[in-house]
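Engineer: The residues making up each chain are set out below.
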Amino acid sequence: MPSKTAFHSSGEDLTTQIEAIAAGSVTGSNDTDVWVSADRLPEVMGGLKAAGFQMLIGVTGVDYVGYFEMVYHLLSLSQNRRAIVKVRCGEGRVDPVVPSVLEIWRGAELQEREVYDLMGIRFEGRDEMKRIFLWEGFEGHPHRKDFL
Amino acid sequence: MPLKTEPITINVGPQHPSTHGVFRMRVTFDGEEIIDVEPIFGYLHRGSEKLAESRTYTQIVTLTDRMDYVASMTNNLSYILSVEQLAGINPSPRGVWLRMITAELQRIVSHLVATGFFLQDLGALGTPLIFMMREREQVLELFERLCGARITNSYMRPGGVFMDAPDDFWPALDRFLAEMPHRIDEYEDLISGNEIVAARCDGVAVVDSQSLIDASVTGPVLRASGVDWDLRHRQPYEYYDRVKFNRPLATASDNYARYIVRIHEMRESLEIIKQCFAQIEPGPVRPKEIPALIRPPVGDSYVGTECPKGELGFYLVSDGGIAPYRCKVRAPSLINLTLLRDMVIGDKLADLFVTFGSIDINMGEVDR
Numbered sequence: 000m001p002s003k004t005a006f007h008s009s010g011e012d013l014t015t016q017i018e019a020i021a022a023g024s025v026t027g028s029n030d031t032d033v034w035v036s037a038d039r040l041p042e043v044m045g046g047l048k049a050a051g052f053q054m055l056i057g058v059t060g061v062d063y064v065g066y067f068e069m070v071y072h073l074l075s076l077s078q079n080r081r082a083i084v085k086v087r088c089g090e091g092r093v094d095p096v097v098p099s100v101l102e103i104w105r106g107a108e109l110q111e112r113e114v115y116d117l118m119g120i121r122f123e124g125r126d127e128m129k130r131i132f133l134w135e136g137f138e139g140h141p142h143r144k145d146f147l
Numbered sequence: 000m001p002l003k004t005e006p007i008t009i010n011v012g013p014q015h016p017s018t019h020g021v022f023r024m025r026v027t028f029d030g031e032e033i034i035d036v037e038p039i040f041g042y043l044h045r046g047s048e049k050l051a052e053s054r055t056y057t058q059i060v061t062l063t064d065r066m067d068y069v070a071s072m073t074n075n076l077s078y079i080l081s082v083e084q085l086a087g088i089n090p091s092p093r094g095v096w097l098r099m100i101t102a103e104l105q106r107i108v109s110h111l112v113a114t115g116f117f118l119q120d121l122g123a124l125g126t127p128l129i130f131m132m133r134e135r136e137q138v139l140e141l142f143e144r145l146c147g148a149r150i151t152n153s154y155m156r157p158g159g160v161f162m163d164a165p166d167d168f169w170p171a172l173d174r175f176l177a178e179m180p181h182r183i184d185e186y187e188d189l190i191s192g193n194e195i196v197a198a199r200c201d202g203v204a205v206v207d208s209q210s211l212i213d214a215s216v217t218g219p220v221l222r223a224s225g226v227d228w229d230l231r232h233r234q235p236y237e238y239y240d241r242v243k244f245n246r247p248l249a250t251a252s253d254n255y256a257r258y259i260v261r262i263h264e265m266r267e268s269l270e271i272i273k274q275c276f277a278q279i280e281p282g283p284v285r286p287k288e289i290p291a292l293i294r295p296p297v298g299d300s301y302v303g304t305e306c307p308k309g310e311l312g313f314y315l316v317s318d319g320g321i322a323p324y325r326c327k328v329r330a331p332s333l334i335n336l337t338l339l340r341d342m343v344i345g346d347k348l349a350d351l352f353v354t355f356g357s358i359d360i361n362m363g364e365v366d367r
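Note that the protein sequences, when read in sequence, are chains A and B.
Each residue of the first sequence is one higher than the last, beginning at 0 in numbering that gives the first Met the number 0.
Each residue of the second sequence is one higher than the last, beginning at 0 in numbering that gives the first Met the number 0.
Hints listed in this document are in silico derivations from the structure and should not be mistaken for laboratory results.
There's no promise every hint is true.
Claimed, not checked - Below, simulated DSS-like cross-link-like pairs (lysine-lysine); rule was C-alpha separation at most 30 Å, straight line: (1) K49/B / K85/A; (2) K129/A / K48/A; (3) K3/A / K129/A; (4) K129/A / K85/A; (5) K144/A / K129/A; (6) K144/A / K49/B; (7) K129/A / K347/B; (8) K49/B / K129/A; (9) K3/A / K48/A; (10) K347/B / K3/A; (11) K3/A / K49/B; (12) K85/A / K144/A; (13) K287/B / K3/A.
Unchecked claim - Just some of the chain B residues that point at chain A, by a computed CB distance under 7 Å: (14) I33; (15) D35; (16) E37; (17) L43; (18) Q84; (19) N89; (20) R93; (21) A214; (22) S215; (23) Y314; (24) V316; (25) G319; (26) R325; (27) K327.
As the structure is a computational prediction, the values presented were derived from the model and not from experiment.
Glycine residues also receive a C-beta, built at the ideal position from the N, C-alpha and C atoms.
In isolation and in its complexed conformation, chain B is listed as follows (with noise of 0.2 Å):
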């Protein structure tokens, strides 16, 4: 006599150590097999857009912070260039280059808890993720020499930084720079060649580019795919166009690209850091002429970059008052998500944390 079998539906969170955050996901099972998913937003949403509306442009730089608050300097930047077009604000060179230094540090804590979460989420337990935080760790104490907060930083002003590196800054990003390739040849020599991670991630979860560009996909995921895109070179803001960097490519589209892509955008992040250390000069951080409270001109303005999870821009439409009259975050962690049921169907139940992982989301950011 056959087995009756019925599919089986299980909520995923949303609180689950593998949905890093609060994350909830209605899936549906037959056996082992995913055959749906339906992912829940909203568990972590605060109304940052409409709380921007009565802040001034200057407040609303730590709400920012809030959003991915595993890149606030990313996002700080984010945010003050769409700022700095609608009020034609020209920052001074010094703090676009300090700007630029920490979003590339910024990136490199980005990814590296992106990977080590990653691994956790396959099963390796410990290491990796304890590697990673480590060097993280020492970011965290540059960010802190910098403007003396460690994971909400706030540092980044319209038409500058909001103060100068203190002396002992540049000794340590030093110090830094010359360990961090190590680390990373460390890593690779953990994960890279690893035959467990070689098992669990070639081939899962390919999703071809054409459907990715479809999605409005960016990103490491959308590079992993071969899709040749980094706003940083094809529309460069800031002072990108005065640094050479490689764009790390991966043509599987699959667990295991998404992972080695985000590797080599570290040691590039590397190389861009000590290019702007050779081009710092003196100067002030900050035109001293802005005004406290900034009266953009009544308009929009749009502004998107290259950060860790993709195209984050900020909308930004001014009436002519001390605040924003909306202020929209284009968030590349919530559109991303769209293709996840694509992606996971037909893979097991251990895969699907995988896959969920190799994205790298950041609830705060999806939710906002």
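With the rest of the complex left out, here is chain A (with noise of 0.2 Å):
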């Protein structure tokens, strides 16, 4: 069984790390995940990829009903450590919107395209929003738990 934690940053290890980035920012934690404040995500995101966390591994967006959550996990190669930061938008489904992180990491974007897509949260600071697998005109975002 892989272990949930190694190789991981802790949560504590990573708020102390990202409120010397962005004091303030950090909502809350748990073992390995750390959550922040949507406004505050490309300051974060720029101090971690400056401390070592070269790669964006993965975006992904989850529909909690109530609420979207935006999960971004990072990959320092240097360090050998993985690091999860977490955000919440779109509170009581409203028009979901976090800022994007494209001017940090290049791989974000087809990531962010595709939580576009299927998931239908809004990135700020882009200038091309498309769809990437569906067409455009297509109604609804299908991973959204409403949709079906």
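The two chains are supplied separately, each in an independent frame; assemble them into the complex guided by the hints.
Structural biologist: This is how it looks when you write it as structure tokens:
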């Protein structure tokens, strides 16, 4: 069984690290994950990249019915460490939007388009927000819980 | 009087033998030179992640087969490890060894297909691809002995595998392990020193390692740029910390480097299988106490594994029910295409297909 905490920054360490980058941005944490507020995201991510997390491994959107959550999996090749940063957005299912991290990592280019297409979360600060798998004109976002 | 010229836009695909599936690129040319590429995805989108939300954890194994259909076993493995983390299941040792053996066999298959079609895209129609399909067939026959299926195996289960290898599997595996190194030598004789391959591949589609890391590119494409990053070595899962293997690297980061890294990785996979073969012991392939319907506690899990194409990871969220609340796939094939545009701009039309083949993607995994 792969351990959940192996090769991960503990939530406590990561909180300390993020608080040093952007004081007051952390809204919660558990053993591996840290929640930050959406408006501070570019600041936090820019700081984490400078601290060695060179790679944006995954960008995921999850629909928790009352709100949406963005999950960012980061990877540091030099320190052999992973980190998970989560952001709550779209409280009450109204217009979920988070700042884009495309300027920080090129790897967000297709991943953010995928989240927009299937989960309907908008990314602010990038000019092009096109669907990626479904065609333009498709109604709704299939990965939302109210789609089907 | 100077000739009037203007750029021309051509659709490559969706039905095109060199797009390795159903994929479209809108390419703009100035003469024969590429000045812009826009990849268009989605022709093979089947909504696997959404389907997973209405299936039990065991049923989803069959969906993972159909993502990267050239590498079903490694897809199975990545998914199963994520489920085991989520539900806290400890697998049986014999099951783990069998999973490693099949995953490495699958890596060989995937690299054979990648190399074969890469050469086909180069214009070597026939011979190399037929050679590689011949060896692939042997592995598929081994899989058939193991689980009855050749391509969509669904061999793995949370806790191990669903049945033990039959007695005639081991001599057949032994024969394959003895024969395969000579076959790889044969490929190298044909391809590695070939003047035409060198002329077409050396220095084509070069991309620096910093850009690759920034664009989240993983797998052989990253290792061909000199970055020593292999999850089997850096973040070992299963029993990869109990086997010794080299990590083949290349530094040129061109089409030839990506080819040669795959060739060497096949040799290393054979070494890993031999060591697994030597260490496997009799015992159950799956703990008996695992219930038929797995109900993991509320929470989430992510495990990334080194698949033939890069890091494949499953992010699973459980609400305590029999099906995942959310199942997200981190697909290396899709993310490795981020830099396609940068790689081919300024090259000729004929190089587009070669570069595309050297990245090695699978449309089933890109679109899911």
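Engineer: Hinted pair, alpha-carbon criterion (30 Å max): K85/A, K144/A. Please report holds or violated.
Structural biologist: Roughly 19 Å separates the two Cα atoms, so the pair holds.
Engineer: Close enough to count: is the Cβ of V316/B nearer than 7 Å to one in chain A?
Structural biologist: holds, 6 Å
Engineer: Given a cut of 7 Å on the nearest C-beta pair, is the interface hint for S215/B held or broken against chain A?
Structural biologist: holds, 3 Å
Engineer: May I ask you to test the interface hint for G319/B with respect to chain A, counting a Cβ-Cβ separation under 7 Å as satisfied?
Structural biologist: Violated. Min distance 14 Å.
Engineer: Can the restraint linking K49/B and K85/A be considered satisfied, given a maximum Cα separation of 30 Å?
Structural biologist: Holds. K49/B to K85/A sits at ~21 Å (cutoff 30 Å).
Engineer: Close enough to count: is the Cβ of I33/B nearer than 7 Å to one in chain A?
Structural biologist: At 19 Å from the nearest chain A Cβ, I33/B fails the 7 Å test, so the hint is violated.
Engineer: Does R325/B pass the interface hint, meaning its C-beta sits closer than 7 Å to a C-beta of chain A?
Structural biologist: holds, 5 Å
Engineer: Is the hinted pair K347/B and K3/A satisfied, with a Cα-Cα distance of at most 30 Å?
Structural biologist: violated, 47 Å
Engineer: For K3/A and K129/A, compute the direct alpha-carbon distance and say whether it is at most 30 Å.
Structural biologist: violated, 34 Å
Engineer: Please verify whether K3/A and K49/B have alpha carbons no more than 30 Å apart.
Structural biologist: Satisfied, since the Cα-Cα distance of roughly 24 Å is no more than 30 Å.
Engineer: Need the status of pair K3/A, K48/A: alpha-carbon distance at most 30 Å?
Structural biologist: holds, 22 Å
Engineer: Between K144/A and K49/B, is the straight-line Cα distance small enough, at 30 Å or below?
Structural biologist: holds, 10 Å
When held up to the earlier numbered hints, the structure conflicts with 3, 10, 14, 15, 16, 17, 20, 25 and fits the remainder.
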